[in-house]
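Visitor: Numbering (the numbering used here), first residue to last: -19 to 842.
Because the hints were derived from the structure by calculation, they are not lab data. Some clues are possibly wrong.
What the hints assert, rightly or not - Below, simulated DSS-like cross-link-like pairs (lysine-lysine); rule was C-alpha separation at most 27 Å, straight line:
no.: 1; residue 1: K475; residue 2: K438
no.: 2; residue 1: K722; residue 2: K750
no.: 3; residue 1: K750; residue 2: K761
no.: 4; residue 1: K444; residue 2: K475
no.: 5; residue 1: K462; residue 2: K500
no.: 6; residue 1: K425; residue 2: K444
no.: 7; residue 1: K527; residue 2: K195
no.: 8; residue 1: K76; residue 2: K54
no.: 9; residue 1: K363; residue 2: K438
no.: 10; residue 1: K409; residue 2: K428
no.: 11; residue 1: K745; residue 2: K722
no.: 12; residue 1: K364; residue 2: K428
no.: 13; residue 1: K425; residue 2: K500
Unchecked claim - Computed spacing ranges between beta-carbons, pair by pair:
no.: 14; residue 1: L762; residue 2: T99; range: 35 to 43 Å
no.: 15; residue 1: S691; residue 2: N208; range: 50 to 58 Å
no.: 16; residue 1: R55; residue 2: N520; range: 32 to 40 Å
no.: 17; residue 1: T96; residue 2: G35; range: 32 to 40 Å
no.: 18; residue 1: N520; residue 2: A663; range: 50 to 58 Å
no.: 19; residue 1: E209; residue 2: E112; range: 50 to 58 Å
For each residue, glycine too, the CB sits at the ideal point set by N, CA and C.
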Amino acid sequence: MSGFTPMIEQYRSIKKEYADCILFFRLGDFYEMFFEDAEVASRELDIVLTAREGGQHRIPMCGVPYHSANTYIKRLLDRGFRVAICDQVEDPRQAKGIVQREVTRVVTPGTALDETWLTEDNNFLAALVLNEETAGLAYVDLLTGEFGACQLSGTRVRAGLMDEVARIRPTECLVPMWSSQEVQSLLGDEFPCILITETDPEHFSLEKAYQKLEKYFGRDLQTLQQLNERREASSAAGALLGFIEETQKGVMNQLQRINVYRMSDFLGLDRASRSNLELTANLRDGKQDGTLLAVLDRTRSPMGRRKLRAWLEQPLLDTSRINDRLDAVEELLERREYREELQSVLQRVRDIERIVGKIGAGVANPRELLALKTSLQEIPFLKKMGSELRSRMLSELFNLNEMVTTRELIASAIDDNAPANLREGGTIKEGYHPEVDRLRQIAFKGEKWLLDYEQAEKERTGIKSLKVGFNRVFGYYLEVTKANLSQVPADYIRKQTLVNAERYITEELKSYENEVLGAKERLIALEQELFTSIRQSLQNHIEDIQKLSQQIAQIDTLASLAQVAFENRYNRPLVNTSGPIRIRGGRHPVVEQYLGRARFIPNDAELDPGGSRIGIVTGPNMGGKSTFLRQVALIVIMAQMGSFVPAEEAEIGLADHIFTRVGASDDISTGKSTFMVEMNEVANILRNATSRSLIILDEVGRGTSTYDGMSIARALAEYLVNIEGIRVLFATHYHELTDLDKFPAVFNLCVSVKESGDDVIFLRKVLPGKADKSYGIYVAKLAGLPPAVTQRAEQILDTLEIKNPKPVPLQLCLFGDEEDPVIDAIKSVDINSLTPLEALNLIHEWQQMLGPSDRQRIRTRR
-19 MSGFTPMIEQ YRSIKKEYAD CILFFRLGDF YEMFFEDAEV ASRELDIVLT
31 AREGGQHRIP MCGVPYHSAN TYIKRLLDRG FRVAICDQVE DPRQAKGIVQ
81 REVTRVVTPG TALDETWLTE DNNFLAALVL NEETAGLAYV DLLTGEFGAC
131 QLSGTRVRAG LMDEVARIRP TECLVPMWSS QEVQSLLGDE FPCILITETD
181 PEHFSLEKAY QKLEKYFGRD LQTLQQLNER REASSAAGAL LGFIEETQKG
231 VMNQLQRINV YRMSDFLGLD RASRSNLELT ANLRDGKQDG TLLAVLDRTR
281 SPMGRRKLRA WLEQPLLDTS RINDRLDAVE ELLERREYRE ELQSVLQRVR
331 DIERIVGKIG AGVANPRELL ALKTSLQEIP FLKKMGSELR SRMLSELFNL
381 NEMVTTRELI ASAIDDNAPA NLREGGTIKE GYHPEVDRLR QIAFKGEKWL
431 LDYEQAEKER TGIKSLKVGF NRVFGYYLEV TKANLSQVPA DYIRKQTLVN
481 AERYITEELK SYENEVLGAK ERLIALEQEL FTSIRQSLQN HIEDIQKLSQ
531 QIAQIDTLAS LAQVAFENRY NRPLVNTSGP IRIRGGRHPV VEQYLGRARF
581 IPNDAELDPG GSRIGIVTGP NMGGKSTFLR QVALIVIMAQ MGSFVPAEEA
631 EIGLADHIFT RVGASDDIST GKSTFMVEMN EVANILRNAT SRSLIILDEV
681 GRGTSTYDGM SIARALAEYL VNIEGIRVLF ATHYHELTDL DKFPAVFNLC
731 VSVKESGDDV IFLRKVLPGK ADKSYGIYVA KLAGLPPAVT QRAEQILDTL
781 EIKNPKPVPL QLCLFGDEED PVIDAIKSVD INSLTPLEAL NLIHEWQQML
831 GPSDRQRIRT RR
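Modelling step: build the complete structure from the supplied sequences, incorporating the hints.
Guide: And the structure:
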């Protein structure tokens, strides 16, 4: 004998099967946790740890209320735990012995279905298979039903895999145990927020994968053929399906199709470039403020926001598809009133993509079905609006299925005021089911019977103050004051004694009470049964509703791009397969929002694969070089996603990849210095750039000594010259690099400034030519460095320039060449702030600055 009670033995038996989870064990109105789970949950959730008798042992215990369990589950998920929900699966009143319990689902970060746990962004669960030269990646969002899979191969398989993980941003990743260590080392440093779940390698077996894929997607023969040709992708997708069925305890009917894609069909953006260009997360705090996504987002629905993000993170390489999007944006841009009316309708559409996902998972509640109904009521208006459109993409998107059967079923069956919680009752609409109407009449419309009964008893007993009442403890009763107790009939049965009255029950009133209370219970049970049946019948329409949600999401995204183009005066780019990048009057879409269009200085750019294609950009600190480089990359991305661009004119020859090397910092977690991080990024560029790539390089080489850095920068530029057709913008303070314009492919650009006395005005205009000053000391003054520091910096600068006939690119003279730098240095000294020793040191330095002829001239003057 174990010495535990039967209930604790039941707990231990279930916990043994879910040892890697915190087990939420339903006891009445609470979820309880025991033993080690209780200690962990108490600590992580900051709830009281207590103990209870469990037979011969006192065992640790804590608990959370059933009705607020989701709040606590969310906190555990955020801390990387998995939670197994163990519910009572039989009515405790009908149980013989221990109430039967079983785990109804396992909640993990990647399988969360409660929207209160999530943002409006996708919540992806991913699976990885990594071999020596091939890898498979699959991902799924259980709420939206989005399912994708791809396969990678070649020497860059690991880097490519990490780039795709950076795009998808899963919250949880499944890996087979035999490869988990390698994947942990790949994922752990770059994506510490991803929960890595090690699973039995058997889940990744091809045989099981093909069985699962056939089960879910057997109707789509073309997709199955694509998967058969991609073993690793199939293995990853099959593992996902097995894990989902295991944790959700059943088939997920919202998984209707899988998108098998090739990364080579989209503009390549490595994780460094996504970060550096701040497409969806800023570098400051990782949030959306100050990103390109924030600028472009004028969507009206959560579905549209997710689609906009997907387009931004996966720009196209197919000019036909790009121009279809541009045609649609142009048409919506030209029709302002129409667009505003369209966006007004879209704002009334709820997140039907997630609602249908919940229907498929069997967890949609009554209010979510009502939200689906009200959204479907907008479809006829949208469809009618589409009849006026001429662009091919919009005409196809507005060919909407009005889902009349679905809409009418919900409208006829679900009460307009239905609660979210089925247990509260009132879900089924009056007139839908006769038994519901009958039970509801008994349960809630018995007031007249009670009034009639009260009046009849008053007349029978002669007690005018007699009244019928009800409370939750004693049920229905007849209340008689003490003064009238002598008139109480013999058939009254005393139920409760009060200070000034007695309460009684009669057989007739008891019979009515049993009928009413029984009717309420039967009514709630029947409503739950009917609602489940309605929800299951809606599962037959999941594929149609998902297609509809995708159409609405794309319409919303196109309308958003048109609205942004209108607000910011964007223009349509000309996109072709192999031409130059020519931008006239280009602007940085994000910086422009902060400065205002009137204050932002537009600039031109041209990179011609057959001519001048490598631009060396020089100019002062804070002059706008980095902004210029980034805006060119962002304009290309916007054009290839199908957006209008912030430029007067733009011709965009497609880029297959955009690589950036801008900014750097130490990677302390992996022991990499700033310079090592920089060199890793440069190495990645050189390994993977092609003749169709666009490369943005900003200050390569500054993380090491001057001559080392300059040597690397020059060697890099010369290497790129030899890659035919590649387009490069290279910003640098190494002004020696400007002589690379001797190569036909290289040209110089400089950011102009205006000097006025001791002041420098940054004009932020990029012009042909080269700069020979960086104005770093002036920027230091603007930053508020003490005069003693900046003046000393100028003295050192003068010394370095005298010692080096060819100035080294540490920092050039601020205010131009003086006829006598020694005299200039003497004039700049604040004598009152010098100590005697500092004065002697300065004199020594000035002597070293003088040549032999200067010293002779000074001796002659004596």
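Visitor: All the hints need checking, so say for each whether the structure fits it.
Guide: Checked hints:
A distance of roughly 19 Å separates the Cα atoms of K475 and K438; the hinted pair therefore holds under the 27 Å criterion. For the proposed pair K722 and K750, the alpha carbon gap of about 13 Å is at most 27 Å, so the pair holds. Between the alpha carbons of K750 and K761 the distance comes to roughly 24 Å, so the proposed pair stays at or under 27 Å and holds. For the suggested pair K444 and K475, the alpha carbons sit about 20 Å apart, so the restraint of at most 27 Å is met.
Annotation: proposed proximity of K462 to K500 is violated, straight-line Cα distance about 34 Å (limit 27 Å). Restraint check for K425 and K444: satisfied, since their Cα atoms lie roughly 25 Å apart, inside the 27 Å limit. About 21 Å separates the Cα atoms of K527 and K195, which keeps this hinted pair within 27 Å; it holds. Distance restraint check for K76 and K54: the Cα-Cα separation of roughly 34 Å exceeds the 27 Å cut-off, and the hinted pair is therefore not satisfied.
As the CA atoms of K363 and K438 are separated by approximately 65 Å, the hinted pair breaks the 27 Å bound. The hinted pair formed by K409 and K428 meets the criterion: a straight-line CA distance of about 23 Å does not exceed 27 Å. Simply put, K745 and K722 have alpha-carbon atoms about 24 Å apart, close enough for the 27 Å limit, and the pair holds. Proximity of K364 to K428 is assessed by CA-CA distance (about 50 Å); at most 27 Å being required, the pair is judged violated.
For the proposed pair K425 and K500, the alpha carbon gap of about 11 Å is at most 27 Å, so the pair holds. About 39 Å separates the C-beta atoms of L762 and T99, a value consistent with the hinted range of 35 to 43 Å. As the Cβ distance of S691 to N208 is approximately 51 Å, the hint placing it in 50 to 58 Å holds. Judged by the Cβ atoms, the range 32 to 40 Å given for R55 and N520 holds: they are separated by roughly 37 Å.
For T96 paired with G35, a C-beta distance near 38 Å keeps the hint of 32 to 40 Å intact. The supplied range of 50 to 58 Å is met by N520 and A663, whose beta-carbon atoms lie about 54 Å from each other. Hint check: E209 to E112, Cβ distance near 19 Å, so the stated range 50 to 58 Å is violated.
This entry does not satisfy hints 5, 8, 9, 12, 19, going by the numbered hints stated previously.
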